[in-house]
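Colleague: Chains as they are written, first to last, in this note's numbering: chain A, 1 to 331; chain B, 332 to 795.
These are computed hints drawn from the structure, not numbers from a lab. No residue lacks a Cβ here, since even glycine has one placed at the ideal position from N, Cα and C. Treat the hints with caution; some may be incorrect.
[What the hints assert, rightly or not] Keeping only pairs whose Cα atoms sit at most 25 Å apart, straight-line, the calculated SDA-like set for lysine to any residue is:
| hint | chain 1 | residue 1 | chain 2 | residue 2 |
| --- | --- | --- | --- | --- |
| 1 | B | K401 | A | S188 |
| 2 | B | K401 | A | G53 |
| 3 | B | K401 | A | V120 |
| 4 | B | K401 | A | E43 |
| 5 | B | K401 | A | R323 |
| 6 | B | K387 | B | H777 |
| 7 | B | K401 | A | T327 |
| 8 | B | K628 | B | L611 |
| 9 | B | K401 | B | W529 |
| 10 | B | K401 | A | A110 |
| 11 | B | K401 | A | T325 |
| 12 | B | K401 | A | A319 |
| 13 | B | K401 | B | W461 |
| 14 | B | K401 | A | R116 |
| 15 | B | K401 | A | F322 |
| 16 | B | K401 | B | L474 |
| 17 | B | K401 | A | H50 |
| 18 | B | K401 | A | T111 |
| 19 | B | K401 | A | A317 |
| 20 | B | K401 | B | L458 |
| 21 | B | K401 | B | W772 |
| 22 | B | K401 | A | D49 |
| 23 | B | K640 | B | E588 |
| 24 | B | K401 | A | L320 |
| 25 | B | K401 | B | A774 |
| 26 | B | K401 | A | L112 |
| 27 | B | K628 | B | P591 |
| 28 | B | K628 | B | E604 |
| 29 | B | K401 | B | V385 |
| 30 | B | K401 | A | L117 |
| 31 | B | K640 | B | E652 |
| 32 | B | K628 | B | P641 |
| 33 | B | K401 | A | A113 |
| 34 | B | K640 | B | N496 |
[Unchecked claim] Residues from chain B that keep clear of chain A, each with C-beta distances beyond 12 Å, as calculated:
| hint | residue |
| --- | --- |
| 35 | R621 |
| 36 | P627 |
| 37 | A674 |
| 38 | L691 |
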Amino acid sequence: MSIELAVAAALFAGVVLYAVFGGADFGSGFFDAIAGGSRRGAEVRTLIDHSIGPVWEANHVWLIYVLVTWWTAFPETFAAAMTTLAVPLMLALLGIVLRGASFAFRKYAATLAQARLFGVVFAGSSLITPFFLGAVAGAIASGRVPAEGGGDLFSSWLTPTSLFGGLIAVGTCAFLAGTFLVADAGRSGDPALADQLRRRTLGVGVVTGAVVFAALLPLRADAPTLFEGLTGRAVPLMVLSAVAGAATLALLWRRRDGLARVTAVTAVGSVVLGWGVGQYPWILVDEVTITEAAGATATLQGLLFAVGLAAVIVVPALALLFRMTQTDPRH
Amino acid sequence: MNSSLEILTALAADPEGLLPARNQMALSLGWHIILACFGVAFPAMIFVVHRRGVVKGDADALELARRWSKVSAVLFAIGAVSGTVLSFEMGLLWPGLMGPFGDVLGLPFAFEGLAFFVEAIFLGIYLYGWGRLAPRVHLLTLLPMMAAGVVGSFCVLAVNAWMNNPTGFRYVDGEVTDVDPWAAMFNDGVWLMFAHMWVGAFVVVGFAVSGVYAAGLLRGRRDRHHRLGFMVPFVFATVAALAQPLVGHVLGLRLAETQPAKLAAFELAETTEQPAPLRLGGVLIDGEFRYGIEIPKVGSLIARNSLGKPVPGLDTVPEDERPPVNLTHLAFQAMVGLGTLLAALGLLFWAARWRGIELLERRWYLRCAVAAGPLAAIALEAGWIATEVGRQPWVVYGVLRTTEAAGESPWIWWSLTGTIVVYAGMTVGAIVVLRSMARRWRAGEHDLPSPYAPGSPELEESSR
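So here's chain B without its partners, still in its complex pose:
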């Protein structure tokens, strides 16, 4: 009774804009992040097939590059506008963060802007270059896009890593002083967080694209086009999915020192234990671990790389500085579980092939490969939920609370409603258009002329 009263008072004390702002940020960021992955990883895959087409004269590969570039044109457009939404939201939703800390965290965004510029310009050149540029020059215009993907994701992750490991300023009596934007940008967390996200982008896009061709193979389209379309992204996906557990593990090892509350939530540790068990699944209800499996000692091994070292518990964290543990824990384990599954799926394919078994001939495997696309996306989202919710109640860890960053704006409920409607519409639009593009390609169309162009058959018919 007492605790629920406390929660009620806490809720009443929250600024009016907090809850809708959180939801709107989560929706728009969670939506954009999938497209950002395509911006980062897709150009590399297009480069591989395009290069094969140009250098080896492989017509199937060149056709894949041509189609993928059209798909990336659609994805980049909605990625660009949904990224713009985030720029506006920084100020609209979190004025209490951007006002005092804009000059601390802003510099990486400036470099991210440069990367976005390079990517947009060279995407324009690449798309326009088909049939206009010399084939090898045309191929090379993909390289700046790939470089921009690396720089851009590093910069965005620099800001997020700074929110988790704030440095490069002093915060005295609510005033920010001694700002060093470079120290903020190159904070201790940035390299590993960047690596984790960058590899994650290849996991998502690799499995998503290969899944599309796995679906075609399942429907009996067993030509070379589909096999190549499956194989290239699948190689990227496998390498990334196998590297990711290692990167994630090294990243996780930092947490005991840097963000013990987040680690306690990941591990669902009520008290500090030495050695700590691994709690698989389950939730914490009134301090009791329920509905999950407890495996002794393994928690210490995973979180600390040692069977002896302790995992800090929530009891070491003041009550008003604890994140929502159950959501953080479940999201974290969903990410780890799905990531492991995807790595196993990739490994299985190549191990079987080494033993002379071609899993592309097995329908059960193709079904798994189709499911891997959405599962990779869920793993990515779960990872973001884990790290973002695990940072709460802070927006800048240990410095600024999320409640202080939100505005006093009742209108954000309206903007949240609008955001839901617009993003639902954009999702439907993208799916309808991408599916119809695939259908037209299958029907033998090549250039996909627009139906409203002068002389288009449909236009002639409609005016008759």
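So here's chain A without its partners, still in its complex pose:
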């Protein structure tokens, strides 16, 4: 494997991890939004606080990792994407800022009225961010970002691929969040809450799965290069995603909630990975390949060193945090 490809793989691993873990945090905003009034939704909202409270900041850092690795390893394509996709990126960023701030503010709000205000902002912004990040992914994958940057601010992402990218991102985030919340509710000894969330998660799962495969139709014309990759090289991943997604639905139905988390992560992780494999070897589809975009070799080596450090330092620490929060019965 060339060093450019190794760094690109490390970068994309960050994308997958952000989609899965960061995605689950954003998706919980969907269940917050549909939880109902203050009294009816009290259990769900408190569960969400417990569930994502200790982990969302750590999961959020994967996005920083992706941005930093991108601009360090493939700087010109970073500048090109940022100048072209400024509008969806800024809207995603707006969502990130509002989500993080309002989530922290709501937890310590003094009155119900304040908490409601912060809660509305939290839930709304949790939907905005995945949609626009999905739209950004769609624009890159359908070859809308010119190599030299400065592409059209709107027509670059107001396309079928970006629209489906956004919808798939919202759906997969909600699906992941749902499976995690069902398991958390079960562990905290609230089967009624778990069943309520289970029904909603099953609904989200069916709709999202349908959207993922419906998206293949417009992709053929709108993103031919990606379509060719998805229906060629990435087929095993797409099949794996479909099987794992279906298995998640079955496991949730049969109340095997712990295992359903694993299959849900597999389903979402493999569909995101499928996108990466599908657009290989392009970093900006139809414009710049990974090898062409790479910066100085010395910098790529330094980055791989940083990635190695992350594997040694961050991964065990993260595992410790997840173990603490995902096995603690005293929710």
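Using the hints, position chain B against chain A.
Modeller: Then chain B, alone, in the frame of chain A:
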């Protein structure tokens, strides 16, 4: 007339995104930097009170640690998101910097990302660990956060120091070659700049937190909780405020060699003088020094550590490579003046105590201690304005102009407007929430349960 025409032509030649990009960067960076200080310095202060609580069984100290950890949860959340804004802005606002130079300056950011990871993970573990981890193990989870604060600030400062002392590449005909990211990261300026910022973080947070408890003492809450809450951060603040002039002085001594234009602006030196005077306050209007005090020879002493050595003047710098002198000069002197004042305030407290006078009993001193928090923040901001504006017109000193780094994007006016609205909202939200947390603690609440949790009194009442 001629010069104003020149300015007009220069303005017209600037890319459309430059002015709003500058303002947006200044706002978001100036906002984030205060929270970054809390990320760097607050864990050390929490560690001291938490350790006291665990090791000596001091209940007041443990309660302080518990409260401060909740405060840090709120501050870290808005610090994390405002830091993310900066990551996006690097590309959104300065594509001309990140495109050509991303692989030169990027590596420290990768390590900063690692530090951010460690800090976020262990903050999560620490907050979650109350009542779940063994007390001594729980205490130790603060140590990785403290280490991450050191590494993270070093890395960010490495990039800024590189912008001021660019090395680790060659720039030939607009092409960047021979990139050595390690040389760029460990450039000549990084250690002193890091020290200056790291110590500055302790000045800001130390005075800010002790100021909160000084306000409580002023209102007659004279219990041990408030005294301890004042004292611990105040010790940090005093040590840092006394060390800072020394660090700053040594850092400043480099400027005559490395960035003479910045030094000339700091000192408001129109021409090279030997020995140079110190110009206190004042502005330069049409080359004339006005509205300030001139003290002979002291300028050379401060800037060069010698009564004889010259301070380079603006006349040694081509006209189109001069920074905006008056803003740089005033910001620099505001930083130095406020820093000196804060050091004196700390020194006074301990000197008085040594003489047997307890200044915590004096209302005038408590008022000063309350004011010290905002003043420290202003000193920090002034320092950043001085060094950033003093680097202009360059973004990468001597290599890339800020005009070349900005994009041609008219939409940045919209994003600037949005940024102002969102940051104003976030500031109000943070103040409202932090104040209400303090109010609830004073009212005797302990765990601060959320008002929307099942069974909360307010929820029961509202549904009745």
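Colleague: Each hint: holds or not?
Modeller: Verification of the supplied hints:
no. : hint             : verdict
1   : B:K401 to A:S188 : holds, 23 Å
2   : B:K401 to A:G53  : holds, 12 Å
3   : B:K401 to A:V120 : holds, 22 Å
4   : B:K401 to A:E43  : holds, 22 Å
5   : B:K401 to A:R323 : holds, 22 Å
6   : B:K387 to B:H777 : holds, 21 Å
7   : B:K401 to A:T327 : holds, 23 Å
8   : B:K628 to B:L611 : holds, 13 Å
9   : B:K401 to B:W529 : holds, 23 Å
10  : B:K401 to A:A110 : holds, 14 Å
11  : B:K401 to A:T325 : holds, 18 Å
12  : B:K401 to A:A319 : holds, 23 Å
13  : B:K401 to B:W461 : holds, 11 Å
14  : B:K401 to A:R116 : holds, 20 Å
15  : B:K401 to A:F322 : holds, 20 Å
16  : B:K401 to B:L474 : holds, 17 Å
17  : B:K401 to A:H50  : holds, 15 Å
18  : B:K401 to A:T111 : holds, 17 Å
19  : B:K401 to A:A317 : holds, 21 Å
20  : B:K401 to B:L458 : holds, 8 Å
21  : B:K401 to B:W772 : holds, 11 Å
22  : B:K401 to A:D49  : holds, 14 Å
23  : B:K640 to B:E588 : holds, 12 Å
24  : B:K401 to A:L320 : holds, 21 Å
25  : B:K401 to B:A774 : holds, 17 Å
26  : B:K401 to A:L112 : holds, 19 Å
27  : B:K628 to B:P591 : holds, 18 Å
28  : B:K628 to B:E604 : holds, 9 Å
29  : B:K401 to B:V385 : holds, 18 Å
30  : B:K401 to A:L117 : holds, 21 Å
31  : B:K640 to B:E652 : holds, 23 Å
32  : B:K628 to B:P641 : holds, 10 Å
33  : B:K401 to A:A113 : holds, 21 Å
34  : B:K640 to B:N496 : holds, 23 Å
35  : R621             : holds, 43 Å
36  : P627             : holds, 49 Å
37  : A674             : holds, 34 Å
38  : L691             : holds, 29 Å
Hint compliance for this structure: no hint is broken.
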